[in-house]
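Colleague: Chain A is already provided as a structure; the job is to place chain B on it using the hints.
Chains A and B are the protein sequences, given in the same order.
Position one of the first sequence corresponds to residue 1 (the numbering used here), numbered consecutively onward.
Position one of the second sequence corresponds to residue 1 (the numbering used here), numbered consecutively onward.
Simulated from the structure, these hints should not be mistaken for laboratory data.
Treat the hints with care, since some could be wrong.
Claimed, not checked - Here are the simulated lysine-lysine pairs, DSSO-like style, with alpha carbons at most 30 Å apart:
no., chain 1, residue 1, chain 2, residue 2
1, B, K516, A, K128
2, A, K165, B, K479
3, B, K38, A, K162
4, A, K165, A, K106
5, A, K106, A, K135
6, A, K106, A, K58
7, A, K106, A, K128
None of these values were measured; they are calculated from a predicted model.
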Amino acid sequence: MRHPIETRAGVRRWRLCACALLVAGGLLAAARAPANEPAAAPAGELKGVDQDVQALKKQLVDLNRDLFRLEEELLYPASTQVAVFLSVDVGTFFALDSVTLTLDEKEVTSYLYTEREVQALHRGGVQKLYLGNLKAGEHEIVATFTGRGPHERDYRRGTTLKFEKAIGAKYLELRISDREAALQPQFVVRQWE
Amino acid sequence: MAAMSLARRCARLLAALSLAAAVASAAADGRDLPPPGKIRDLDYGDVLFHFFQDDYFGALVRLEVSRDLQRMDHHAAEAELLSGGLYLSLGLHEEALRIFDRLLAEPVPQSVSDRAHFYLARIGYQRGYYAEATRSLERIRAPLPGALESERRLLASNVLMAQRRFVEAAGALQAAAGDDWTPFARFNLGVALVRAGDLAEGRRWLESVGTMPVGNDEQRALRDRANLALGYSLLQSQAGDQAIAALGRVRLDGPFSNRALLGLGWAEADVRRPERAIVPWLELREGRLLDAAVQESFLAVPYAYAQLASNGQAARQYRFAVDAYAAEAGRIDESIAAIRQGGFLDAILAAAPQDAPIGWFWQLGQAPDAPHTRYLYHLLASHGFQEGLKNYRDLRLMQRGLERSRESLTAFGDMVEAREQVAEIRAPRRDEVLANTDLDALARRQAALAERVEGIAATRDVAALATETEARQWATLAKIEASLGRLPAGAQRAELAERERLLRGTLLWQLDAQYKVRLQRLGAGLRDTGAGVEEARERLARVEQAGETAPRDTSGFAGRIDALARRADDLGPRIDVVAAAQEGLLARLAVEELEAQKRRLASYAMQAQFALAALYDGATAGTTP
Chain A
1 MRHPIETRAG VRRWRLCACA LLVAGGLLAA ARAPANEPAA APAGELKGVD QDVQALKKQL
61 VDLNRDLFRL EEELLYPAST QVAVFLSVDV GTFFALDSVT LTLDEKEVTS YLYTEREVQA
121 LHRGGVQKLY LGNLKAGEHE IVATFTGRGP HERDYRRGTT LKFEKAIGAK YLELRISDRE
181 AALQPQFVVR QWE
Chain B
1 MAAMSLARRC ARLLAALSLA AAVASAAADG RDLPPPGKIR DLDYGDVLFH FFQDDYFGAL
61 VRLEVSRDLQ RMDHHAAEAE LLSGGLYLSL GLHEEALRIF DRLLAEPVPQ SVSDRAHFYL
121 ARIGYQRGYY AEATRSLERI RAPLPGALES ERRLLASNVL MAQRRFVEAA GALQAAAGDD
181 WTPFARFNLG VALVRAGDLA EGRRWLESVG TMPVGNDEQR ALRDRANLAL GYSLLQSQAG
241 DQAIAALGRV RLDGPFSNRA LLGLGWAEAD VRRPERAIVP WLELREGRLL DAAVQESFLA
301 VPYAYAQLAS NGQAARQYRF AVDAYAAEAG RIDESIAAIR QGGFLDAILA AAPQDAPIGW
361 FWQLGQAPDA PHTRYLYHLL ASHGFQEGLK NYRDLRLMQR GLERSRESLT AFGDMVEARE
421 QVAEIRAPRR DEVLANTDLD ALARRQAALA ERVEGIAATR DVAALATETE ARQWATLAKI
481 EASLGRLPAG AQRAELAERE RLLRGTLLWQ LDAQYKVRLQ RLGAGLRDTG AGVEEARERL
541 ARVEQAGETA PRDTSGFAGR IDALARRADD LGPRIDVVAA AQEGLLARLA VEELEAQKRR
601 LASYAMQAQF ALAALYDGAT AGTTP
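Just chain A, same shape as in the assembly (with noise of 0.2 Å):
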């Protein structure tokens, strides 16, 4: 006599095999549609909450966005406004630790790095490092990096700047260089028009 489960288990098994075939294969084949889907999903009502949801996120960008201008204007209007940015071009002689920002004597930010911002600035990345207000006038910059420097030794160096200050948005850049014959970093301050 044949075990009673067997003749069932024989036609379960292969059902079984198909179905776990299905689970197995489906992950990445149909990754629009899994072949695994739990439960009759109602598409129709999906559907209309992710478009509730996308035009939600779409009006959130939007308030954001004039949010934002909003609070440029106001606490930093175009009259007073300085933008320091800082950027990084191939900086294989320096590893970034942390920058940090004197205007006029007063230190105004002292900023320090994760490693994904640093990945972040050695791929094209420009970080607005600080936004504040001067009046117009001559000031001075100056920006302390410290950080790893060639053979893998601690590193701190400073750049300075006098600049004029016009009635008018002023862009500063901190801008961390390669000096491929002394095989030693550059940094230097660049006035953008």
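Modeller: Quick look at chain B alone, frame taken from chain A:
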């Protein structure tokens, strides 16, 4: 294996799933962008700084602001392309489509149009518009930059597979050998071919992935998955030994171990080795009953004992299974009740990484073991549920972001109000100063003084520059001179006159000696007062101007703040409504899934009882099954 928690296994399964989704439905991400080269607009660099950190929302907001303020004109086309990709990343397909279409309607560099076509192809594929996706792919004229090119090849093969053009898909994959994504595509193709009935060819592709060298967890998970699919495909063809070889390659501590152990047992049973089949099944039965493979093992173990003619053991194991299924069904009922009470999505999200940014790629890291989340790993493996959960999480993040926006707006409102108050306090004083300041009169006095000094200089009137003492002495001498005129002539008068002349001469000499210095000092003083008058005039003009512009500026800001606050207030309740709808929908899906699981358990329990009854029947009849 039992030591490995289910949650961890689920997490790994989900990690593998998220990768799969990334392959098939990735939107823009950091890899998509070539090195930007020389940055000509710092604000564009700032957008990239956020983009490269996967902060898509922050990047998009900055991009829109800088574009509106025309601060990125040198990168206009790239920025437009990036904004389309960012909208895509946030799941806003319609907006992304609109941007790409607009971009392609304009003359743009080929590198930009190629990427726009790529994104359009990706959207087309995601939506199932394969012909459109194919057309967009055909319009790409040159290799795409960086990792995007291998993604393009993968997308091309996926589109071909979706159209069941397997031979061409295989050709595309052969051409893409070496790409990072090729193993995923080979797996896709293998599964698609098996499903289409071309078992030999499908298994060949799966075998190639299942035996590939691996260097990271993603590749290990993919290799496991390929071996699992291959093993079950071979089992289906009753090729037990080959299935054992494939399933044996699946790691015991990987996300697919349970299913592999189950299959391994069936493969051993297939080649009539129940004594070996029982080993993986017993191992599997140590796992938690949440897993379908573990549930199955509760039936498989007594089946193997029966095959080994150990009927007493088989009967005990069937009873054990019946009890376990009943207990599990009770736990499922608890979960259903908990989910119906609400809040289950928040419990799931509490287990998610807190710093994950808003966006399309967010995936759940692990499923918490609580009554309302215990059984949800099946749901979390479903694309629809994941999308719904991401939406819910995005909505919660949006609500928090909105709250911060409201706080900012309140602060800005206070600031503007304070400015207005200061302006009001200062206004009367300003008006008083303006009213009492007659700068023209001052200027006239200055001019008169200058004219007088000029006259003194022209006539060299040294006495005009005398000090007070000298002037008094000068007047005294004048009086003496007049008195002398009234004296009778004589020696005494002559002597007095001589003394008066000497004194006058001495005083005149002193005045003359000081004249030049005094004139210069006076001139300098006049110039200073002239400059002072001019400066006062400028200051007064600024005070007047401030009085005119300050109230207008603050009221302008106040209006904008009010409008933004109204928009924020409008969005808040709408977010809550949609979040509640989303939660309700997912709760329904979850309950349906749990009820399906209960039905499956009931079916297993019934099979166990039938088997038990058959064993008893056999025992009563004295037969051996």
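Colleague: Evaluate each hint against the coordinates.
Modeller: Status of each hint after checking the structure:
Between K516 of chain B and K128 of chain A the CA atoms are separated by roughly 61 Å; this puts the pair beyond 30 Å, and the hint is violated. For a cut-off of 30 Å, the pair hint linking K165 of chain A to K479 of chain B is broken: about 65 Å separates their Cα positions. Distance hint between K38 of chain B and K162 of chain A is fulfilled; the C-alpha atoms sit about 25 Å from each other, no more than 30 Å. Note on K165 of chain A and K106 of chain A: the hinted pairing holds, with a Cα-Cα distance of about 17 Å set against a maximum of 30 Å.
Pair hint K106 of chain A plus K135 of chain A holds up; C-alpha atoms about 15 Å apart against a cutoff of 30 Å. With a C-alpha separation of about 41 Å, the suggested pair K106 of chain A and K58 of chain A falls outside the 30 Å cut-off, and the hint is violated. Among the hinted pairs, K106 of chain A with K128 of chain A is consistent with the structure: their alpha-carbon atoms are about 19 Å apart, no more than 30 Å.
In this structure, the hints that do not hold are numbers 1, 2, 6, in rising order.
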